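Student: Take a look at the letters that make up each chain.
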Amino acid sequence: MNRIKEIISALEQTANHPAKAVKASMQETGKKAVGCFPYYTPDEIIYAAGMLPVGLWGGQTDIKLADKYLQSFCCSIMRINVEQGMKGMYDFLSAVVIPTYCDTLKCICDNWQVAVPQTYLIPMVYPQHRKIAAGMIYLIDEYKRVQKEFETIAGKKITEKDLEDSIALYEDYRKTMQYFTALVSKYPITLNAKTRHLIIKAAYFMDKGLYTAKVKELMKELKKLPEEKLDGIKVVVTGILAETDALLDAFVQNQMVFVADDLAQESRQFRTCARSTGTALERLAYRIADHDGCSLLYDEEKKHGQLLIDLVRENHADGVVVCMMKFCNPEEFDYPIYKKELEAAGIPMLYLEIEQKMDSAEQIRTRIQSFAEMIK
Amino acid sequence: MDKNISSKQILNDMISRHYEEALEAKKSGELVAWATSIVPQELLETMDIKVVYPENHAAVLGARKDAPAFLKDAENNGYSTDLCSYARVNIGYMNLKESVAGNIPMPDFIFCCNNICNSVIKWYENLAREMRIPMILIDTPFNHTFNVPEHSIKYIRGQFDHAIGQLEQITGKKFDHDRFKEVMKISAETAKWWKKATALAAAQPSPFNGFDLFNYMAIIVCMRGKQEGLDLFKLWAEELQGKIDRGEGPWKDQKEKYRIMWDGIACWPHLADTSKILKKNGINMVTSTYPDSWTIVYDSDDLDAMARAYSSNYANRNLVYGTGNIVQIVKDFSLDGIIYHSNRSCKLMDFRQYEVQRQVQEQTGVASVIFDGDQTDPGAFSLAQYETRIQALMEMMEQRKKERLSRQ
Numbered sequence: 000m001n002r003i004k005e006i007i008s009a010l011e012q013t014a015n016h017p018a019k020a021v022k023a024s025m026q027e028t029g030k031k032a033v034g035c036f037p038y039y040t041p042d043e044i045i046y047a048a049g050m051l052p053v054g055l056w057g058g059q060t061d062i063k064l065a066d067k068y069l070q071s072f073c074c075s076i077m078r079i080n081v082e083q084g085m086k087g088m089y090d091f092l093s094a095v096v097i098p099t100y101c102d103t104l105k106c107i108c109d110n111w112q113v114a115v116p117q118t119y120l121i122p123m124v125y126p127q128h129r130k131i132a133a134g135m136i137y138l139i140d141e142y143k144r145v146q147k148e149f150e151t152i153a154g155k156k157i158t159e160k161d162l163e164d165s166i167a168l169y170e171d172y173r174k175t176m177q178y179f180t181a182l183v184s185k186y187p188i189t190l191n192a193k194t195r196h197l198i199i200k201a202a203y204f205m206d207k208g209l210y211t212a213k214v215k216e217l218m219k220e221l222k223k224l225p226e227e228k229l230d231g232i233k234v235v236v237t238g239i240l241a242e243t244d245a246l247l248d249a250f251v252q253n254q255m256v257f258v259a260d261d262l263a264q265e266s267r268q269f270r271t272c273a274r275s276t277g278t279a280l281e282r283l284a285y286r287i288a289d290h291d292g293c294s295l296l297y298d299e300e301k302k303h304g305q306l307l308i309d310l311v312r313e314n315h316a317d318g319v320v321v322c323m324m325k326f327c328n329p330e331e332f333d334y335p336i337y338k339k340e341l342e343a344a345g346i347p348m349l350y351l352e353i354e355q356k357m358d359s360a361e362q363i364r365t366r367i368q369s370f371a372e373m374i375k
Numbered sequence: 000m001d002k003n004i005s006s007k008q009i010l011n012d013m014i015s016r017h018y019e020e021a022l023e024a025k026k027s028g029e030l031v032a033w034a035t036s037i038v039p040q041e042l043l044e045t046m047d048i049k050v051v052y053p054e055n056h057a058a059v060l061g062a063r064k065d066a067p068a069f070l071k072d073a074e075n076n077g078y079s080t081d082l083c084s085y086a087r088v089n090i091g092y093m094n095l096k097e098s099v100a101g102n103i104p105m106p107d108f109i110f111c112c113n114n115i116c117n118s119v120i121k122w123y124e125n126l127a128r129e130m131r132i133p134m135i136l137i138d139t140p141f142n143h144t145f146n147v148p149e150h151s152i153k154y155i156r157g158q159f160d161h162a163i164g165q166l167e168q169i170t171g172k173k174f175d176h177d178r179f180k181e182v183m184k185i186s187a188e189t190a191k192w193w194k195k196a197t198a199l200a201a202a203q204p205s206p207f208n209g210f211d212l213f214n215y216m217a218i219i220v221c222m223r224g225k226q227e228g229l230d231l232f233k234l235w236a237e238e239l240q241g242k243i244d245r246g247e248g249p250w251k252d253q254k255e256k257y258r259i260m261w262d263g264i265a266c267w268p269h270l271a272d273t274s275k276i277l278k279k280n281g282i283n284m285v286t287s288t289y290p291d292s293w294t295i296v297y298d299s300d301d302l303d304a305m306a307r308a309y310s311s312n313y314a315n316r317n318l319v320y321g322t323g324n325i326v327q328i329v330k331d332f333s334l335d336g337i338i339y340h341s342n343r344s345c346k347l348m349d350f351r352q353y354e355v356q357r358q359v360q361e362q363t364g365v366a367s368v369i370f371d372g373d374q375t376d377p378g379a380f381s382l383a384q385y386e387t388r389i390q391a392l393m394e395m396m397e398q399r400k401k402e403r404l405s406r407q
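Which chain is which? The protein sequence lines are A and B, in order. Numbering that gives the first Met the number 0 applies: residue 0 is where the first sequence begins, and numbers increase by one. Numbering that gives the first Met the number 0 applies: residue 0 is where the second sequence begins, and numbers increase by one.
Treat the hints loosely; a few may be bogus.
Calculated lysine to aspartate or glutamate pairs in the EDC-like style (CA-CA distance at most 16 Å, straight line) [what the hints assert, rightly or not]:
1) B:Lys153 - A:Asp140
2) A:Lys143 - B:Glu149
3) A:Lys302 - B:Glu129
4) A:Lys339 - B:Glu74
5) A:Lys339 - B:Asp72
6) A:Lys338 - B:Asp160
7) A:Lys338 - B:Glu74
Treat the hints as calculated values from the structure; they're not laboratory data. From a predicted model like this one, the values you see are computed outputs, not experimental measurements.
Generate the whole structure from the sequences, applying the supplied hints.
Tutor: Now the structure itself:
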């Protein structure tokens with residue numbers, strides 16, 4: 000039990016203090032670090048270049064400087080990332096990668112070069128038509144282009160073997176995380192909503208190899224213990240991310256267990272595995288092509304709702320919690336469609352509008368409590 | 000074309016006919032498509048498909064003050080008021096299907112190109128899903144580099160082929176490549192004449208005011224691939240040249256005292272208010288960043304060039320291009336000022352506007368103001384704020400004029 004506490008505490012520390020954690024990882028591994036904006040950045044290529052890909056998902060910084068570039072109706076993750084960049088908080092990174100999935104990200108890409116000139120920018124465009132041959136070819140060309148950039152920064156040529164090894168390590172990480180999230184329903188007390196989130200988040204600030212080993216050890220230790228019984232509420236959570244501390248605390252207080260998630264910051268990063276055939280870059284491109292049910296990737300069939308319904312059924316969940324990131328257009332557009340589908344399937348849903356920096360979580364706490372009472 | 004009829008009369012006629020024909024076509028069982036405003040319409044025109052443009056329709060509903068009912072309906076169905084109001088009006092319309100301001104037929108399929116923004120992908124996905132109809136997408140990767148990269152062109156071309164396959168399947172007809180070349184030729188020619196006519200506003204005084212520009216824009220959106228569209232712009236250019244030769248300005252009852260550019264889409268529900276205040280002060284909006292987006296010009300048998308052209312509109316280009324473009328406009332049109340519309344609907348335009356304003360100011364010294372508004376949601380606009388900003392702009396422009404005169 001002590002070892003479990005130790006591992007969890009270390010991962011929580013990592014997630015709660017990203018800059019400190021990344022600097023420690025850099026020291027521990029002797030690697031350079033590259034910042035990765037949301038979403039689906041080519042982390043495998045960065046890792047293959049012998050560098051650490053680091054997740055940049057905003058934070059709790061007050062916004063002052065970023066107002067020079069962005070109106071108040073811009074998503075809080077992006078405003079905070081620009082703010083932190085302007086404050087010099089990312090100066091220790093060798094570069095940042097900004098993919099342009101949404102209109103806001105395109106603008107951030109443009110503003111970054113003026114607002115944060117000291118942190119080198121590598122823009123990347125993912126094809127929306129990712130399932131057709133022309134889209135696959137385009138994506139592979141984009142991977143090749145950024146690969147050269149990473150090679151220059153790392154001062155190292157990336158071989159096919161480097162890429163294959165990196166993909167293997169990331170595949171191992173993804174499978175591990177799939178097992179980990181499945182374990183939550185068996186250990187809902189230890190892996191409560193907040194702890195679960197922090198453990199998953201820690202991956203963004205560590206070397207993936209070292210991180211995966213830690214999670215594996217944690218699972219091994221956990222499995223030695225009898226399963227935990229909690230008379231709580233099982234939910235599937237969807238959105239970009241489920242933060243802040245106050246929000247997560249409210250879930251824990253109301254015994255709401257995240258038996259599965261469809262968060263961009265969490266399961267969407269690891270629920271789709273790479274194919275086993277093809278060159279390394281083809282395998283990376285196929286992973287994007289095969290990834291469905293995400294608001295950021297074109298899907299004329301709109302499988303997002305069905306994906307949520309399936310997650311609810313497979314995990315015997317009591318309902319869905321929507322953590323709607325305020326001003327996130329892709330997510331806001333998906334909502335009316337899956338809302339209708341969830342209603343038709345008779346699945347209860349709690350809609351919460353969140354921002355990274357919330358002055359008061361009182362209203363959200365009340366709504367979580369009422370939802371919990373309604374389900375019970 | 001009857002030479003005694005003015006281009007403005009023809010324009011109004013063409014627009015009503017455009018919508019009537021689409022409604023009739025639907026009734027008689029022809030296929031109808033909905034498409035985004037800068038879509039490669041050449042593919043649809045070649046297949047002889049009736050196309051209506053929801054953005055144009057939403058603008059009409061906005062201008063005729065019938066948007067609120069549709070906005071409300073969308074909101075009731077879970078659409079956040081933070082989303083683009085064109086999308087919300089159109090999604091509301093899909094549901095309610097009836098507007099006193101004018102109707103459009105429901106589509107058999109939809110055709111989307113994200114060169115204007117990525118929100119249209121999400122909007123059209125929802126249309127496809129709700130109506131259970133096929134969707135065709137042309138994805139034009141955002142150009143973070145100044146020029147359109149070669150691999151983007153290859154990708155867009157590949158999608159043209161894919162779209163042709165989809166169109167053949169939807170219509171059950173073969174795609175006629177000879178007809179395609181003709182349509183490409185007309186489309187590129189129409190775009191050239193559109194550019195030529197709108198560029199005539201460089202004359203001092205300008206022969207038209209920019210709110211005319213917004214009216215003619217409907218034709219470049221809806222009829223770029225048609226001979227009538229081409230003829231109209233030729234006639235308009237001819238009329239404008241006549242006015243320039245006679246030294247006629249934009250208005251009969253007011254002189255052009257200041258020349259400005261409008262950045263972004265109009266505030267359709269407040270079109271009269273926004274234009275009256277300008278006219279009252281002799282401020283003529285001679286141009287805008289926005290209409291040049293339809294200057295889609297390429298050689299008629301060059302698909303690579305067509306792919307490049309569809310990815311080259313300013314909304315899909317980087318900040319360096321966006322700023323340079325406006326700096327050039329300031330020079331070409333001898334501008335005194337710029338009005339930036341911080342359009343609550345359009346994040347892609349908004350979130351670069353502050354920096355564009357700073358850089359343009361730095362490079363040209365031109366006076367400018369930003370005001371808050373929205374293209375179709377009447378609630379986001381405040382007349383008092385608008386008036387105050389225009390007043391401030393006037394003062395800045397006056398000051399600059401004095402400084403210029405004292406230097407001479």
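Student: None of the hints should be skipped; say for each whether it holds.
Tutor: Right, here's what the structure says about each hint:
no.	hint	result
1	B:Lys153 - A:Asp140	holds (11 Å)
2	A:Lys143 - B:Glu149	holds (14 Å)
3	A:Lys302 - B:Glu129	holds (13 Å)
4	A:Lys339 - B:Glu74	holds (14 Å)
5	A:Lys339 - B:Asp72	holds (15 Å)
6	A:Lys338 - B:Asp160	violated (35 Å)
7	A:Lys338 - B:Glu74	holds (13 Å)
The structure fails to meet hint 6 from the earlier list, while all remaining hints are met.
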